[in-house]
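Starting from the given sequences, assemble the full structure and let the hints guide the process.
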Amino acid sequence: MSITFHLKRREEKRRQEKRREEKRRQEKRREERRGEKRREEKRREKKRKEKKRKEKKRKEKKRKEKKRKEKKRKEKKRKKRKEKKRKEKKRKEKKRKEKKRKEKKRKEKKRKEKKRKEKKRKEKKREKRKKEKERKKERKKERKKERKKTLS
Numbered sequence: 003m004s005i006t007f008h009l010k011r012r013e014e015k016r017r018q019e020k021r022r023e024e025k026r027r028q029e030k031r032r033e034e035r036r037g038e039k040r041r042e043e044k045r046r047e048k049k050r051k052e053k054k055r056k057e058k059k060r061k062e063k064k065r066k067e068k069k070r071k072e073k074k075r076k077e078k079k080r081k082k083r084k085e086k087k088r089k090e091k092k093r094k095e096k097k098r099k100e101k102k103r104k105e106k107k108r109k110e111k112k113r114k115e116k117k118r119k120e121k122k123r124k125e126k127k128r129e130k131r132k133k134e135k136e137r138k139k140e141r142k143k144e145r146k147k148e149r150k151k152t153l154s
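If you read the sequence shown in the working numbering, its first letter stands for residue 3, the second for the next number, and so on.
Honestly, I wouldn't trust all of these hints.
To be verified - DMTMM-like mimics (lysine to aspartate or glutamate), calculated; alpha carbons at most 25 Å apart, straight line:
hint	residue 1	residue 2
1	25	38
2	87	77
3	111	100
4	106	125
5	53	77
6	49	34
Hints were generated in silico from the structure; no laboratory data involved.
Here it is, written out as structure tokens:
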């Protein structure tokens with residue numbers, strides 16, 4: 003075997019080794035790029051999830067705020083209604099009491115009037131009796147006088 007053959011073989015082996023080395027490097031680079039891509043994808047996914055979570059939180063906050071405002075508004079409305087009802091009740095009560103008071107006054111007036119009329123009527127009657135008695139007395143006296151006259 004000649005020296006050239008050995009040299010050529012060695013050269014061939016070296017080239018193959020270089021190619022293998024190059025392939026390994028490329029594979030390594032590809033792997034690194036793939037890893038980088040995966041990491042980038044994960045990072046993007048994380049960002050997307052974070053954004054989604056924040057959006058959900060924001061919407062939830064908005065919803066709760068809306069609910070709270072609605073509750074407040076309803077409460078205000080309810081209080082207003084209650085107040086209105088209370089005032090109405092008070093007003094009706096006042097009206098009712100006033101009516102009762104007027105009725106009482108009216109009845110009292112009527113009663114006093116009746117009493118006064120009764121008193122007047124009794125007075126009249128008493129007066130009448132008195133006059134009647136007086137007349138009777140007078141007639142008696144008159145008759146007595148008459149009798150005396152006729153006797154004498």
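Return the numbers of the hints above that this structure violates; sort them in rising order.
Numbers 4 and 5 - these are the hints that the structure violates, sorted from lowest upward.
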